[in-house]
Amino acid sequence: MRRSTPKEAIPLRTFRWLRNEYLIYPILVALLVAYLILNGGFLSVFQIQSLITSTAPLILVGLGEAVVIISGGIDLSIGYMVSLTCVVVATSSPVLGTPLALAVGVVAGAVNGTLITRFRLSALVTTLATGSFFLGMALHILPTPGGVVPEWVSTVADGNMGPVPVAAILLAAVVAILGFILYRVPAGRYLFAVGDNLEGARQSGVVDAPIRIGAYAVAGLLAAVAGIFLAGQTSSGDPNIGTPFTLNAIVIAVLGGTSLAGGVGTVGGVVAAAFVLSVVSDIIFLTNASSYLQYIVSGGILVVVLGIGQGVRWIRRPTGQPSREKVADR
Amino acid sequence: MNVFLRAEGIQKRFGATLALKEGSINIATGRVHALLGENGAGKSTMMKVLAGHHRPDAGTVVVDSRAVGSFARWDTKTAMRMGIVAVYQELSLAPHLSVAENLFLGVEDRYFSQHNLIRPRSRVSAAKQILQSLDLEEIPVEVPVGDLSLALQQMVEVAKALARKPKLLLLDEATSSLPDEYVRKLFAVVDHLKKSHVAVVFISHRLDEIDQIADEATVFRDGINVGHADAPFDRGQLIKLMAGHEVDREINHVLAPAGQGEPIVRVSGLVLKESRPAIDVEICPGEIIGVAGLEGHGQQEFLLSLFGAHRPLAGRMTMKGRIVPRPTPWSMIARGVVLIPQSRKIEALHLDLSIRENIALMGIRGLSRWGVVNSRREIRQVKSYADRLAVRMNRLDDLANSLSGGNQQKLVFAKVLMTQPNVLLMIDPMRGVDVATKAALFEEIREMANAGRAIVIYSSDTSELVGVATRVLVFYEHHIVRTLSSPNITNGALVDAAFHAKGGDSAADVPLVTQ
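In order, the protein sequence lines correspond to chains A and B.
For the first sequence, counting from 1, position 18 maps to 18 in the numbering used here; every step adds exactly one.
For the second sequence, counting from 1, position 287 maps to 287 in the numbering used here; every step adds exactly one.
In case anyone wonders, no lab produced these hints; they're calculated from the structure.
Do not rely on the hints blindly, as some may be mistaken.
Distance windows between CB atoms, simulated [claimed, not checked]: (1) A:Ala30 <-> B:Gln420: 49 to 55 Å; (2) A:Leu121 <-> B:Thr318: 49 to 55 Å; (3) A:Leu121 <-> B:Pro325: 25 to 31 Å; (4) B:Ser384 <-> A:Tyr183: 19 to 25 Å; (5) B:Thr318 <-> A:Gly136: 51 to 57 Å; (6) B:Arg81 <-> A:Ser291: 51 to 57 Å; (7) B:Ile224 <-> A:Leu121: 49 to 55 Å.
None of these values were measured; they are calculated from a predicted model.
Glycine included, each C-beta is placed from N, C-alpha and C at the ideal position.
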């Protein structure tokens with residue numbers, strides 16, 4: 001008797017776009033269409049502008065977190081770095097505030113990276129601890145929201161050049177630079193290699209410490225840019241503003257196709273995932289539903305996307321092996 | 001002759017690759033059946049289908065004259081219940097569990113559990129009993145498996161399979177990481193199984209082993225059963241079946257010229273273990289230096305020290321007359337010294353990255369200008385090396401994961417060759433590589449030697465060194481006890497040298513635990 005199960009014989013390529021990193025784009029398009037319909041088939045220039053400016057901090061922290069996760073680590077302090085730098089901008093002199101905040105972000109990230117790579121501490125625990133430290137610093141500097149943010153920072157964060165938000169230009173630059181580093185510079189290759197197989201990368205002559213410390217420093221830098229953005233948008237410093245960003249950053253990175261096991265991830269996917277989150281919250285705002293629904297929906301989307309990705313693997317590999325298993329050998 | 005298992009028309013597809021087109025095999029009880037073929041011919045897939053690891057897309061399987069009606073529930077547990085157990089070339093042990101815990105994982109109830117509770121003490125004694133029956137008393141049963149050497153882990157894997165009381169034992173390159181003394185023990189076990197009417201299927205690329213142990217052989221090529229033969233085998237015919245054309249096996253018995261000129265690398269006063277004599281070696285251009293000895297006697301540490309991946313207790317290395325201050329893999333690669341490590345999955349490959357990224361990883365610095373990778377040049381070079389080594393693949397952007405074991409090994413070769421090294425260090429480079437590819441790779445190695453590069457090979461299969469090496473360093477207890485030169489390098493001489501220092505003692509005092 002000869003039997004064939006057509007389900008099992010479908011080649012990988014058919015399902016390629018269903019992997020999370022591709023799946024996120026059709027989801028974004030679907031949500032945008034829903035948003036458009038709910039809004040009466042019309043989006044004002046202002047709405048598009050505000051969608052971009054409000055997504056900017058999410059994109060920044062999502063990219064920072066993705067870089068760290070690709071390197072094989074995780075950063076649970078990223079939201080508190082956003083808070084700390086936001087507070088630093090609002091309490092320093094107008095000229096020095098922004099460069100100082102950027103420096104604080106890079107140093108905070110480098111401290112994370114150094115502790116984790118040089119002293120071989122667990123990334124999870126280290127960043128949990130440093131995160132608490134950063135939050136404490138932020139609260140110490142500015143216990144309640146306030147402070148003064150220079151005018152030009154607000155312009156960058158919230159203003160428009162003609163119809164184009166300044167934030168969009170800045171984001172495009174960040175994405176272009178990061179994409180260039182990740183895909184066209186040897187250090188970018190090494191980042192993926194270190195995250196996928198640290199020992200293998202070492203034996204291939206990759207010096208891993210600078211790459212991994214660099215990943216955390218990039219996360220710190222992007223968190224600082226996000227912190228400055230938020231300070232500009234709210235025209236004040238807020239020590240608690242970054243708290244929800246840690247979880248959001250991880251959700252966005254994973255939603256965008258970054259593998260928590262390291263070595264896998266794309267810039268485009270992360271940007272799309274950040275937009276998915278903010279379109280969801282806009283839709284909820286538009287339908288007048290409880291704003292708490294936002295958490296439920298974004299959690300649901302994450303589970304669905306991961307579930308579909310897993311389902312694809314499951315269909316392709318019907319013996320039900322765990323997805324991370326390397327089916328290398330025939 | 002009793003047929004235990006008959007499989008016909010087995011088909012299995014992975015993504016875009018059809019790994020098995022028309023796999024068929026007849027396995028008789030009490031016989032050792034060799035399954036032969038080149039890398040990617042579908043042997044391992046066939047094994048995994050039979051063992052329930054993969055569900056076939058089409059085909060029939062008859063076990064014990066009962067047809068497996070539907071493959072919907074075909075999994076390892078079902079196969080095991082029918083008496084089919086497999087040992088793969090990759091280990092499937094839980095490294096942090098003890099040997100005894102690993103041996104009975106999932107079958108505790110057959111041995112020592114009462115009322116579904118495990119009794120640790122009887123587990124230990126049951127484990128000891130099994131290991132004793134395999135002549136492996138030297139393996140400590142309460143030590144975590146991860147602390148054992150690779151060879152002993154592989155033997156534990158075999159013992160684990162036997163604890164499942166198989167009627168059909170599938171051995172997928174189970175010998176490829178075993179040194180000679182354990183291969184002998186394994187063969188003794190196989191002989192014993194044969195007498196108790198257990199069927200054994202055996203995949204190996206070492207034709208000597210096939211001659212020694214197999215009663216019959218089936219050859220696969222491109223996922224199809226292309227032939228069957230009974231012992232004694234006609235080697236030439238088997239190879240022709242596997243390759244689809246004649247392969248000149250004798251090619252690896254042409255010697256490269258011995259080393260000449262100034263040494264590239266000079267090692268002096270190298271101490272690998274406390275209170276062992278120091279090692280002094282000169283590596284000259286054009287030399288192919290073999291490293292031999294019993295498993296775990298410092299050969300690997302020696303090569304890793306040359307590559308800067310292991311810090312010896314003492315010693316100094318000079319390259320072209322200049323001292324290398326603190327060797328690291330990074331600085332050694334920059335000096336033109338590269339290593340093919342023993343474990344391709346742990347130390348050499350990035351399975352979730354693409355074929356292209358894997359091959360380019362080591363040489364990417366050389367492909368960059370102003371710190372930017374020249375993609376077009378990268379693709380051209382990667383492609384030329386992949387073609388030169390005949391890597392069987394669909395596209396360069398596929399994941400390394402999608403390749404068969406032997407083809408993954410070719411990726412490792414391509415990766416190190418792309419750096420155009422002056423000194424090529426290799427630890428068991430031919431693991432899981434088929435005969436034709438092996439000949440091609442050795443040819444590549446010899447060409448490099450002719451071009452004035454130096455090569456150092458450690459192989460646990462000493463016969464690989466014969467006819468290839470111009471000089472062999474024999475290790476014992478972390479130092480060199482004998483150096484054999486070109487005309488005197490024979491299999492017998494190597495084995496003698498490896499054992500000689502032991503004073504004729506048995507292999508019982510081989511160190512059990514490597515660091």
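Now for the hints, and whether the structure bears them out:
1. A:Ala30 <-> B:Gln420: 49 to 55 Å: Taking Cβ atoms as reference, A:Ala30 and B:Gln420 lie about 51 Å apart, which means the hint holds.
2. A:Leu121 <-> B:Thr318: 49 to 55 Å: violated (38 Å)
3. A:Leu121 <-> B:Pro325: 25 to 31 Å: holds (29 Å)
4. B:Ser384 <-> A:Tyr183: 19 to 25 Å: Once the Cβ atoms are compared, 22 Å apart, the range 19 to 25 Å for A:Tyr183 and B:Ser384 holds.
5. B:Thr318 <-> A:Gly136: 51 to 57 Å: holds (53 Å)
6. B:Arg81 <-> A:Ser291: 51 to 57 Å: Holds, since B:Arg81 and A:Ser291 (Cβ atoms, about 55 Å apart) stay within the stated range.
7. B:Ile224 <-> A:Leu121: 49 to 55 Å: holds (54 Å)
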